[in-house]
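Engineer: If you're matching them up, the sequences are chains B and V in order.
0 is the number of the first residue of the first sequence in numbering that gives the first Met the number 0; add one for each residue after it.
0 is the number of the first residue of the second sequence in numbering that gives the first Met the number 0; add one for each residue after it.
These are calculated hints, taken from the structure and not from any lab test.
Treat the hints with caution; some may be incorrect.
[Said to hold, decoys possible] As a list, the in silico DSSO-like pairs of lysine-lysine whose alpha-carbon atoms are at most 27 Å apart:
{"id": "1", "chain 1": "V", "residue 1": "Lys79", "chain 2": "V", "residue 2": "Lys151"}
{"id": "2", "chain 1": "V", "residue 1": "Lys222", "chain 2": "B", "residue 2": "Lys117"}
{"id": "3", "chain 1": "B", "residue 1": "Lys225", "chain 2": "V", "residue 2": "Lys78"}
Number of protein chains: 2
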Amino acid sequence: MKVNQIGIIGTGNVATHLATGLYKAGLKIDFIHSRNEKEGKRLAKACSSEWVNIVPKSTNSAAVLFICTTDESIQVLIKKFSRSGYLLVHCSGSIALTKKGQGNQHYGVFYPIQSFSKTVPVDWSTTPICLEASNKESLTVLKSIATKLSKKVKVMDSADRLKVHLAAVFVNNFSNLQYIIAENLLKESHLSFDLLRPLILTTALKVQQNSAEQVQTGPARRKDLKSIRIHLNLLKEDPATQKIYRSLSNYLLHLF
Amino acid sequence: MKVNQIGIIGTGNVATHLATGLYKAGLKIDFIHSRNEKEGKRLAKACSSEWVNIVPKSTNSAAVLFICTTDESIQVLIKKFSRSGYLLVHCSGSIALTKKGQGNQHYGVFYPIQSFSKTVPVDWSTTPICLEASNKESLTVLKSIATKLSKKVKVMDSADRLKVHLAAVFVNNFSNLQYIIAENLLKESHLSFDLLRPLILTTALKVQQNSAEQVQTGPARRKDLKSIRIHLNLLKEDPATQKIYRSLSNYLLHLF
């Protein structure tokens with residue numbers, strides 16, 4: 000199936016990487032729509048598209064409108080465009096698919112399991128993309144787009160997607176919090192975070208081939224209560240961090 | 000200064016990577032000593048050395064004996080070899096330097112900030128090595144060895160090293176725990192951990208250039224209490240994991 004029209008709403012991290020990613024994959028982005036004209040024009044330029052103030056009418060049955068905004072705004076925009084004729088697609092892990100629209104309106108979800116920052120390049124080819132759609136034809140349209148970007152396209156219902164989103168919070172947000180805590184601990188002793196950067200990378204590389212449970216190490220893993228006590232004592236001036244250390248260690252002590 | 004004799008006690012992860020790393024860096028490993036003969040001979044072969052049942056006498060003032068065993072065993076071996084004449088060096092982040100030995104006995108610490116597994120290759124050149132020694136000459140000997148392995152050699156006292164070790168527990172052990180939790184969440188829904196592996200790598204890559212605080216994202220970072228409630232509800236059958244989610248989110252909510 001040929002996709003004849005692609006529009007993108009938004010200029011944030013996801014919109015930026017989706018627009019430039021699709022463009023590099025050889026797809027034509029017909030328009031970028033955003034409230035912020037300057038940002039919209041910047042992104043439109045980056046993907047040889049044009050910024051539009053008003054979303055144009057859909058020209059065919061395979062016209063796709065990607066809503067790449069905040070979760071709150073997605074809900075509003077899905078309502079706003081609920082008679083637009085576009086296949087309305089959002090990119091959120093936590094918002095369920097709108098299953099039935101008015102008349103012939105169709106909906107889809109295009110959720111890349113990735114962390115996007117405007118300034119950090121993304122490898123789309125290895126980024127898993129979870130798809131869902133309100134009808135078979137829409138799913139086919141989304142598949143034809145997603146497979147141009149990634150080798151890992153998976154059809155997934157909203158319940159499983161929410162589970163993946165929750166799991167992603169652990170590996171992305173909560174891992175990064177461990178980095179923050181470590182960075183701050185080193186700062187107190189005027190030590191550079193550079194000391195830990197290679198270890199952070201090794202830790203992530205190890206689970207690329209292995210199960211995380213297999214490669215767990217550390218005081219709690221080997222039930223080394225003496226080291227745990229020494230560490231807790233080091234954190235006695237910082238009860239919030241001490242609490243995190245204690246609860247994560249307890250979790251590990253019970254796990255193994 | 001020329002190092003004329005290097006011996007290594009142990010056959011575990013650190014011993015293996017240290018022995019093979021030093022060998023590849025052009026240093027001669029005079030012997031491997033270990034209780035397990037088979038493992039000792041395996042490692043000796045890998046670094047063109049020989050396994051010895053009894054540690055030979057030190058032949059010169061720059062003879063170094065690396066004690067690469069468990070923390071508990073290190074203490075015992077430091078005592079055992081306290082009149083050996085070797086520069087006695089351990090590789091632990093959490094054991095303080097023995098400052099003064101009997102007679103002319105000297106001590107050192109050679110702590111690589113890295114996570115070692117026998118089967119995963121290690122990039123020694125980027126691995127920070129923290130050094131400490133009981134006298135200036137010993138420090139010079141350790142520097143001459145460490146700089147052959149790594150471009151990041153840092154002299155550090157035991158208090159700072161313990162702080163680094165604590166910080167390493169957060170970025171290594173506690174990040175890996177987040178991966179385990181995510182892996183188990185996906186397993187419950189019969190979803191593959193492969194879905195999260197690229198995200199794990201991106202998360203670690205992002206902080207190679209940036210401060211961890213700068214790149215934090217997620218529900219708690221943007222104070223999205225609605226998503227947090229949805230996630231906590233998803234975890235209601237798993238109170239231990241729910242508790243971790245809650246305490247890490249609370250920490251983030253207070254941090255930003």
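Engineer: With reference to the structure, classify each hint as holding or not holding.
Structural biologist: Verification of the supplied hints:
Simply put, Lys79/V and Lys151/V have alpha-carbon atoms about 32 Å apart, too far for the 27 Å limit, and the pair is violated. Taken as a hint, the Lys222/V and Lys117/B pair is honoured in the structure, with Cα atoms around 21 Å apart against an allowance of 27 Å. At roughly 20 Å between alpha-carbon atoms, Lys225/B and Lys78/V fall within 27 Å of each other, so this suggested pair holds.
In summary, the structure is inconsistent with hint 1 from the numbered list given earlier, while agreeing with all the others.
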